[in-house]
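Chains as they are written, first to last, in numbering that gives the first Met the number 0: chain A, 0 to 586; chain B, 0 to 306; chain C, 0 to 301.
Don't read these hints as lab results, they were simulated from the structure.
For clarity, every value in this text was computed on a predicted model and none was experimentally measured.
Glycine included, every Cβ here is placed at the ideal spot set by N, Cα and C.
One or more hints might be untrue.
As the list claims (entries may be wrong) - Examples of chain C residues lying across from chain A (beta carbon under 10 Å, computed):
#  : residue
1  : S51
2  : T53
3  : L56
4  : T118
5  : F138
6  : M139
7  : K142
8  : S143
9  : G148
10 : E180
11 : M184
12 : I225
13 : T231
14 : Y238
15 : T241
Said to hold, decoys possible - Subject to a maximum C-alpha distance of 25 Å in a straight line, what follows is the list of computed DSS-like cross-link-like pairs (lysine-lysine):
#  : chain 1 : residue 1 : chain 2 : residue 2
16 : A       : K196      : B       : K110
17 : C       : K17       : B       : K211
18 : C       : K17       : B       : K110
19 : B       : K4        : C       : K109
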Amino acid sequence: MKKKRVLSILMMQSLILASLAGCGGKAAEDGAPAAEAESSTADTETDSEPAAEETDDAGAQDAAQESADPFGKYEDGLEIHFARQVDENMYDNALANLPGQSVEENIWLDTYQEEIGVSVVYDWYVKGNPEYEQKVNVTIASGELPDVMDVTASQMMQLADAGLIWDMSEVFDTYAADFTKEVMMQEGDTAFVAAQKNGMLCGIPESSGAADSVDLLWIRQDWLDNLGLEQPKTIDELINVIEKFTTDDPDGNGVDDTYGLGVAGSPNVLRRNYGSLVGFFDAFGAHPTIWVEKDGKLVYGGIQPECKEALIKLQELYQKGCIDPEFGVMDPSKAGEAAAAGKCGVTYGQQWLPLVYFHSNYSLDSNAQWTAFEPVSVSGDPAEVSAEVGVTRWIVVNKDFEHPEAVVKMANVFIEKCWGETGDNGKYYAPPEAESIWKLSPVQTQMPLKNVMAFRDIEEAKANDATASLNGEAKSIWDKLDRFYSGEGTSMEWGWERIYGPDPSSYSAIDRMISEDRIYINRFSGAPTETMTEKMSTLESMRDEAFTKIIMGESSIDEFDAFVESFNKLGGEQITAEVNEWYASAQ
Amino acid sequence: MKKEKMQRRQARLKKELPFHIMLLPGVIMTFIFSYVPMAGMVIAFQKFIPAKGLFGEQKWIGFENFIYLFNMPGALTALRNTISIAFWKIILSLVVPIVVAILLNEVRSSKFRRTVQTAIYLPYFMSWVIFSGVLLDILSPSSGIVNRFLNMLGMNSIFFLGDNRYFQSTIIWTDIWKGFGFGTIVYLAAITGIDQSLYEAATMDGAGRFRKMWHITLPGMRMIIVLMAVLSLGNILNAGFDQIWNLISPQVYETGDVIDTFIYRIGMIDAQFGPATAMGVFKSAVSCFFISVSYYLAYKLFDYRVF
Amino acid sequence: MAKKEPQTNKIKMSAADKVFHVCNTVFLILLALICILPIINILAISLSSNASVTAGLVTLWPIDFTINSYKYVAIRPDFWRSMGVSLLRCALGVTINVFMCVITAYPLSKSTHRFKARTAYAWFFFLTMLLNGGLIPWFMTIKSLKLLGTIWALVLPGAVPVFSVVLMLNFFRGIPEELEEAAVMDGAGQWTIMSKIYVPLSKASMATICLFSIVYHWNSWFDGIILMNRPTQYPLQSYLHTIVIQSSLTAVNSIDWETLVSVSDRTIKCSQIFLSIIPIMLVYPFLQKYFVKGMVLGSVKG
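Just chain A, same shape as in the assembly:
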């Protein structure tokens, strides 16, 4: 629906462009659009919008006049200044095993150089997510932007308002290879819609999967077996399991030292990490972190009456001692210690938990069999599970940079090399010895469904007895599973088996949810509205505080209504109006 709309807009545009290209003369040199762009940038600074549109047309025209080759090489070379975030993982899982390569000199940068003649220069790079965002804030304010960088939605909108970045719509449309478009829109076009403002595409999403982010229900199968319990199908059955896990000594050590439900309350209980409660809320049809549609209008999930029902149940669980009384101060890694120490048997969280928390449990106690299930519902029908828009960063291009299309070409190269027919996933994306090699690329437009697809590939290969023919990421995952099955694996291989193994596993659950269309993605995918930018984080803190206090019984459940009231009063109402304005315009 929405997907089709944007695609059709894009197609329309290309048609117009094609006709324009037909009428216009040919300007073969790269220099022409540059000159155009420069002269029109001067206009945009004074009066933004109309001029901006002119620029777009001009730029697009020129772009179209060139031979729009998605993989066209800059024969004279093109230097692009980037800013980027790096992380620990990039060092540990890639650079540490790639002698002679570094952040600034590696296989990916060589590839861009060879394929399209682009040489990447990093103005700066920072380790860590909050650190990166802060440095981007500071950089934006100080005015000297690199040519290309990743920004958050609100940073992107600020830059767009100030007329500092390119409108990428024509550029993307013209230069993105068909396969690039296909991959980036695998889960719909929400991330593109989010980047649109007044018909301008402000940035290209660093696409990544929304389905990967859903909460799963994790239960220790061995504890279920110990107590002779069945896999729960409804929330009441689950609550029964949680209570039994708390009181009936599921580990059989004769000491009452277990909690049923692992919850991490810092900074809030809705982080989708270990100890998340999003999946618990999902059971009641409450989606407290996202915007949901009710009677044709968008409403904030966190203030819906469904939340109240979930909170009542949680408060009861807390009173019965099924939740660690200190959950409020524990961040996921602290809360995860309980699971690792074998003191907790049920929790919610994303598909990767076995690799971070549960594998420690397994290495201390090889009976521990954490198992992923789909979140249960009240009725027993499969629950609808909430997911955020998978994209958190967009690539924006500095208006002063003359070749915005170069970034699109880089995305083409990235996607083609990783998942395309001519590419080699096992070399560019995740070779076994350096699984995070893809992170060395400054442009990281992921294939959103790659994990599920790897799971499907593995399942299919196993069915056909063709695991030897697996390639790339699927192969390196299969290698780990294989090591586990042959008994050579460590606790990490056990973790991978929990994620990609046969049903029940993380991806068997996610695969089912995708094919049965039960993933409810945030209905609001626009850029943060004005009031949202100003007040949403304060309102979310209020939500977190109210929820935590209610669960702990410090406030009665009536406190929820008080919270809803002050939520609306302190900006929530305004935000809801703005969100619906957006929704109406996006319909």
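Starting from the known structure of chain A, fit chains B and C onto it as the hints suggest.
For chains B and C alone, kept in the frame of chain A given last:
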């Protein structure tokens, strides 16, 4: 007459010239790195859009940021918390080290004294990032050693960092814990500087241990105490960002959120530079007031010039 | 006093005194223990196996003793590079701080009738302790001086440590004016008086401000993250910050879990934390000798 005045002024200038030269590097550095950035305070009066730059065409909105700020429910809470946390920190960071220093001074074995001294000074070297990690560990209600100890005494576990009843005092006492060793050493040094004959005379007069502490040791430390007190009063609105930022969680914002964490949250994370700067300006103004008062009091009451 | 005390004790070592001494000793031992515990905790974690740490089993004694984490850190170039940056920063920063502090504090320590403008200057410096324009303007200033990404960005902005200046000028004030007057009689200039008389007399106070400066430079992390252009330029605490904070990173982003996997190892974190405290603990004994006197010399004036 006039000529004489001129000459005197010239002579003075000549005599003072080296002083001006000495101060020049410091003045230049301070001007560049402290005064130039102060121009940024204008942000407090603008609807600041970062992308337009500091000297870009920002919209002037007068005191709107301040009004907005004090309508935010969190701002006044933060102010109240700041004052109460800082107040207790100031008092205790004076009292505790003085007491410990006096007690330490009573120890006869100098080896023991030095060992204790070195040990209590250790936490001072750790950055808050590190120290907080340790605190989260040992204060944990279920597994932390503090609560295990309380349980052994038959008491219930206390939720130090997650309970509004305890959070402030936890913040205050852990700060004292980290810093008191430093203060102790300062005061201990002051005690060693006290004229020994005073003690001997007092002993002759038959004064006991505690009378000597009260009448000789404490007055002997008077000046350093005043100095430390005055210096710490300037921190009345610095309740300790590094510490609180690493220990706070949403359910204790009510008692734990302070001005600096508040500024950081709305400024660096939500990128609301206008209100954040407004809060900073407000804080500076209040600090100025307190520091001036304390400077004045120190001068009037103790005839002590801080600088 | 220490010499005198045995005698007094002999005279009146009453029961009350004995009780006092026992209580006092026990109290001080407890106090000392409380202060060492955190470090022992860190050390114990760094020497334990990751699984037992993740399960929260380690407090004061290593479980499943292993030095794997130290082996891992030993071959990590980032850690040692950051350590190098920090050492360089300390060396430069402390030198600059102490120099600036002395030449600034000396004139300010003169009384108003000796140096009329001193009060104006003093306020000039003192105001900076109270007012600041916020992060963005500060960043822009440093950027426009082209200091970003250089070690100078870390040492120059804090070149004049006002707090230390205040202490130092108080030390200087404690030095008898007669010394200066005598030197002036001999024809010595102010520079000579400062470097030949005041500085040698204030070794102890210099040690104090040295210590402040070292602790400041060693423990700051924020400026490193904002002002450096590469993680390879990070001083140690900035580097540690990225490691310690990222572990509590609660990522919604599905990509970030991979980072979580690789930083969730607390043993490695703690071994790095422990290693990072060592250098500064090594400096302390050398400075302690002077430090004990330093803090007060000036303030206990006449």
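Unmet hints by their number, sorted upward, for this structure | 4, 10, 11 and 16
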